[in-house]
Each structure stands twice: as C-alpha cells, then as structure tokens.
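Produce the complete structure using the sequences and hints provided.
Protein chains in written order, with this note's numbering: chain A, 25 to 334; chain B, 363 to 618.
It is possible that part of the hints are untrue.
Unchecked claim - Far from chain A by the CB rule (all over 10 Å, computed), these chain B residues: (1) Ile379; (2) Met418; (3) Pro463; (4) Val498; (5) Leu543; (6) Tyr545.
Stated by the list, open to error - Listed next, the in silico DMTMM-like pairs over lysine to aspartate or glutamate satisfying Cα-Cα at most 25 Å (straight line): (7) A:Lys31 - A:Glu52; (8) B:Lys449 - A:Glu185; (9) A:Lys133 - B:Glu456; (10) B:Lys449 - A:Glu116; (11) A:Lys244 - A:Asp261; (12) A:Lys244 - A:Asp177; (13) A:Lys244 - A:Asp207; (14) A:Lys31 - B:Glu495; (15) A:Lys313 - A:Glu236; (16) A:Lys31 - A:Asp89; (17) A:Lys165 - B:Asp611; (18) A:Lys244 - A:Glu53; (19) A:Lys244 - A:Asp200; (20) B:Lys449 - A:Glu109; (21) A:Lys244 - A:Glu319; (22) B:Lys449 - A:Asp93; (23) A:Lys244 - A:Asp279; (24) A:Lys244 - A:Glu29; (25) A:Lys323 - A:Glu265; (26) A:Lys165 - A:Glu116; (27) A:Lys313 - A:Asp261.
In case anyone wonders, no lab produced these hints; they're calculated from the structure.
Ideal placement from N, C-alpha and C gives every residue a C-beta, glycine not left out.
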Amino acid sequence: MYALEIKGLRKTYASGLEALKGIDLQVEEGDFFALLGPNGAGKSTCIGIISGLVNKSAGEVRIFDLSIDSSFIRARSLLGSVPQEFNFNNFEPVEEILINQGGFYGVPKALARERAEHYLAQLGLWQHRRQQARRLSGGMKRRLMIGRALIHDPRLLILDEPTAGVDIELRRSMWDFLEQINDQGTTIILTTHYLEEAERMCRNVAIIDNGEIIRHSSMKNLLRQLNSEIFVLYLRDDIAEVPRLASFDNVRLLDYHSIEVEVHESRSINDLISELAALGIVVERMRNKVNRLEELFVKLTAKNDKLSLA
Amino acid sequence: MLRQFWIAYLTITRKEIYRFMRIWVQTIIPPVVMVALYFIIFGSLIGQRIGEMDGMAYMDFIMPGLVMMSIITNSYGNVVSSFYGAKYSRHIEELQVAPVPNLVIVLGFVTGGLTRGICVGIAVTLVSLLFTEFSVYNPWVVLLVAALTSCLFALAGLINAIFANSFDDITIIPTFVLTPLTYLGGIFYSIRMLPEFWQQVSLGNPILYMVNSFRYGFRGSSDIELLTALGVIGFFIALLFGICMYLLDRGIGIRQ
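Spelled out as structure tokens, the structure:
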C-alpha cells in the first residue's frame, strides 16, 4: 500500500493556467520523499489538492488507499501538512493553536494538551507557549507549524518548504527532528529549494516542472544520471595561468591558488590529481562546486524549459 | 466518528466564544451603549410626545424591537468578521485541511454567532430595565425567537463572509441591506399606522416577523400571527443553511 498515490492529476485554474497536466506519483509508506521543482512548477498546487485547499480538475488522489473524495474524513485524519506560508491566528497563544488543531482532528483536549507540551518542548518553543504567535520569530513560527501538523499523530506528513528563511543551525536541528519522526514510521514528503536538504534526507525523489513529473526515481539513481561534476581545487603553490590538462578540457582559473575543473563520469579524480602532479601542481584540498543534486536539478529543469519553448 | 465531530464542533464553538469574550469591550459594550442612547432619545425625549403605540407606552413598544435589533446585528457581525478574518489571515486553512465536515463548520460558527447574539440580547434587556418596566408574556417565545433570529443572521453573516474578498465587502450588506430592513421592520412603529399599500410592502421584510414575534413574547400582542412569523423565520433559516452548505461544499470563496 502506498502512503500517497496520485493518478492523472490535473488542475486548470479559472485564469486558464494549467498548473498540473495529469501527473502520476506514488510514495511508499515510511519513505522520506522529495518533491522538487522550480517556482511555479506545480508543487504547491499538488500539495494544496492533497490537503484539501485546492479543488482538482481531474484525477485521483489516495492516502493510504483512501480516496480524498469518497473517504475524505478518514484520509485527512492520516495527513498532516505544513504549508509554505504562515496560516495560524497570530493573536492566539502558541499552545492554544496546537490544542485547537488537535480539536479539529477530534483529539480530546487533555490528550491534545499532552501532545502539545511534548512537541513544544521538542521544538524548543516551551518557554513561548503562552505568547501570542505574532510575537514569535520566523524560525519559531516554522517550528510551530511543524508541531501543529503533528498534533493528531499523522501517518503522512507533507512539508512545503519548512526551512525557508531559517538559519543553518536551526535548519540542521529541524533536519534531525524530521529524521527522527521518519524513523518512528511517519512517511514524509518534502518540498524545498535547499537541495542539500533533499539530498541528505530523502530516499526517493520526483522532479516536477511545468505541471509534469519529469523524473521519479530513487535519489541514488537520480544522482547517478549526473555525468559530470565540477570540483574546486585549492593548490599549494600559486600558478599564473590555466594548466593544460590532456583529459580535462573545462578548466578555469579562479585565482592564483585555486582552479575549477569539470570531471566527466568517464574520468576519475585520481586521473585529475595525477595530471596535475605531472605538471608539478600539488592539490591541498578540494570540494564540489555545487551540491550534486542541485547541478542535476538545474540541468533537468533547464532542459525541460528548452523543450517547452521549442 | 461522531465523537470526533463533536470534539471538532466544541473546538470551533469554544474558539468563537473566546474570540468575542476576549474583546468584550468591543463586542458586548457598544450595543448596550447604543440601545441606551435609543432609549434616551426615542423613548424618554421624543417618546413622551408620541404618546401610546398599539395601546402601550412608546418606550414599552420599542423595547423588544431594540433588543431584537441588537441580536440581529451582533449575531451577523460576529460570524461575518470571524469567518472573513480567518479567510484573510488564512487560518481558515486549519479547518480546511482537518477532517471536519462542512456541517460541523457551519454549526460551530452559527453557535458562536448565536451565543454572542443572546449575550448581547441579555445585556441590552438588562439595560432597558433602567428605562422601562416590562413583563414577559411568554418567556419561551422570547427565547425561541431570539435563538432562531440569531441563527438566521449568523447564517447570513457566514454567506457574506464566504463571498467577501475585502473588509469593504463585509460592511456593504450590513450598511445597505441589514440596517434599512431593521429600521423598516417595525421596531419604532406599528405597521398598522401605514397606508394599506405600505403595509403589504412591509410584509415582504423578514425582519418584521422577527420583531413582531419577539414583541408578542413580551406583550402578548403583535401585528403578525405568531405561527406565521415562526414559519417565515424557519423558512429563511432552512434557505440560508442550504446556501451555506452548497457554498462550502463547492469550496466557493475558500478553495481555488
């Protein structure tokens, strides 16, 4: 049984914009799944339909084999969602937001309070529990939305850019928290523009662009499609000009002691180091120029743009 | 599942009541002050010159209508401002993503509006004791009509909020529809004073039935037959409830 199964999902807005063009998608139970795509690709529309905020034009969505149309009460009970934009009552105290959300899902008040206390402590919001939500910082508001989405103990959690605008330290603690939730059995679907986040946490991925799924595979398989990577090499001694390498044609001098080299899948890093050593150039350190997934993502979506323009 | 819906209903209702009670200075006090002013101006100052109306002192005549006017505007205002506020700040999405049937949403908001209408009605009735002595002919009729009227206008407020796209939109109906219908609904005069043609026109105003049945509960006399009035109120409640359910089921005004 899939945690989420989408068949032929279409959405055409009243303006005529075709946001989703009949997508199919399956997410396994227990998965940590990335749904990626550039702005306006259709990610939020797709999430909006799953969570009941957007009317679909056609297609079918099932959550743990329950249709969101014919079994919407039971299907929604299994789903928790964290939207991209803050959507709580700013004038309500933090703790009340969580308890009330539990109430909407039929969680008795005493149990909702118990869970609220648990998540407020886990998410570092305990000392702010009696404050009005408007007094929280941006990062705290994001954590509040995650706590709110978990208050009814959902089996599927959808996070639409949960770490947007959050500093790196907090982002990492949120990653740990989400991995912990996933380890406990909750299926997680994540959309994010921080691709290192998706690469680190997600086992499977779908890339959506122009309302269509253009890739749907495991993260490992997707990254294997990357046929070249760009490395930045830091050199021990200064060099004045771009070194001439027989096997690597795309070499660029960044400054006197660092160069950038594109390494195709047919070549190894050892080949590169050896060729440089033969020229008397010693590499002290090296790093990927950009995250691997990011590189692939840009290639895939750029290619799709060209196709759509053709 | 019924228990789940019951908890959801209680949560919406509690939130709604907490919302207007937290700002009681803005929600309960203004109608009390306004009605006190009506009593002073129309009852004490002008009323003495008018004399009797329908066999009773003018102050006694307008008292049920003024209470009813407060109930109408507050039950309407509570739901329209709360639901539109939730739409505006997007926390209506908390309800939309939850497994809450639209029936529970409607009942929750209507109970909030009804509670505010009744609270204001009680406060205004207590204030009116400062200006007039009144007896209650049939307290059950008074309570029934107050509750039904609150429900009706809470539903009307919900429909207004569903369609509203700006704060201007939630003031247009109260200003251009509700207030004129209320003032022309027999609060300050008996329709028997009107020429035959305008009496017939007045019968098309639903608020006339509410004011008169409410007055019947206090005085035991009315321009309109009680059962007719209750039938009209019941019909409008059923109509507006059906419209609310249709709009929410279709996601009009709340889902893209």
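- Message: Next pair to validate is Lys449 of chain B with Glu116 of chain A; report whether the Cα-Cα distance is within 25 Å.
- Response: The given pair, whose Cα atoms are some 15 Å apart, holds under the 25 Å limit.
- Query: Quick one, are Lys244 of chain A and Glu29 of chain A close enough, alpha carbons at most 25 Å?
  - Reply: Roughly 22 Å separates the two Cα atoms, so the pair holds.
- Item | Non-interface claim for Val498 of chain B, where every Cβ of chain A lies beyond 10 Å | holds, 37 Å
- Query: Holds or violated: Lys31 of chain A with Glu495 of chain B, Cα cutoff 25 Å?
  - Reply: violated, 70 Å
- Query: For Met418 of chain B, is the shortest beta carbon distance to chain A beyond 10 Å?
  - Reply: The claim stands: Met418 of chain B keeps its Cβ more than 10 Å from every Cβ of chain A (closest is about 46 Å).
- 25 Å Cα cutoff - pair Lys313 of chain A, Asp261 of chain A: Judged against 25 Å, a Cα distance of about 21 Å means the pair holds.
- Are the Cα positions of Lys244 of chain A and Asp207 of chain A separated by 25 Å at most? holds, 19 Å
- Message: Given the hinted pair Lys244 of chain A and Asp261 of chain A, is their Cα-Cα distance within 25 Å?
- Response: It is violated: about 37 Å lies between the C-alpha atoms, which goes past 25 Å.
- Message: Need the status of pair Lys449 of chain B, Glu185 of chain A: alpha-carbon distance at most 25 Å?
- Response: It holds: about 22 Å lies between the C-alpha atoms, which stays within 25 Å.
- Distance restraint between Lys244 of chain A and Asp177 of chain A, which requires alpha-carbon spacing of 25 Å or less: The hint is violated at about 30 Å.
- Query: Taken at face value, is the distance from the CA of Glu319 of chain A to the CA of Lys244 of chain A at most 25 Å?
  - Reply: holds, 14 Å
- Item | Distance restraint between Lys313 of chain A and Glu236 of chain A, which requires alpha-carbon spacing of 25 Å or less | violated, 29 Å
Checked against the numbered hints given earlier, the structure breaks hints 3, 11, 12, 14, 15, 17, 23 and 25 and satisfies all the rest.
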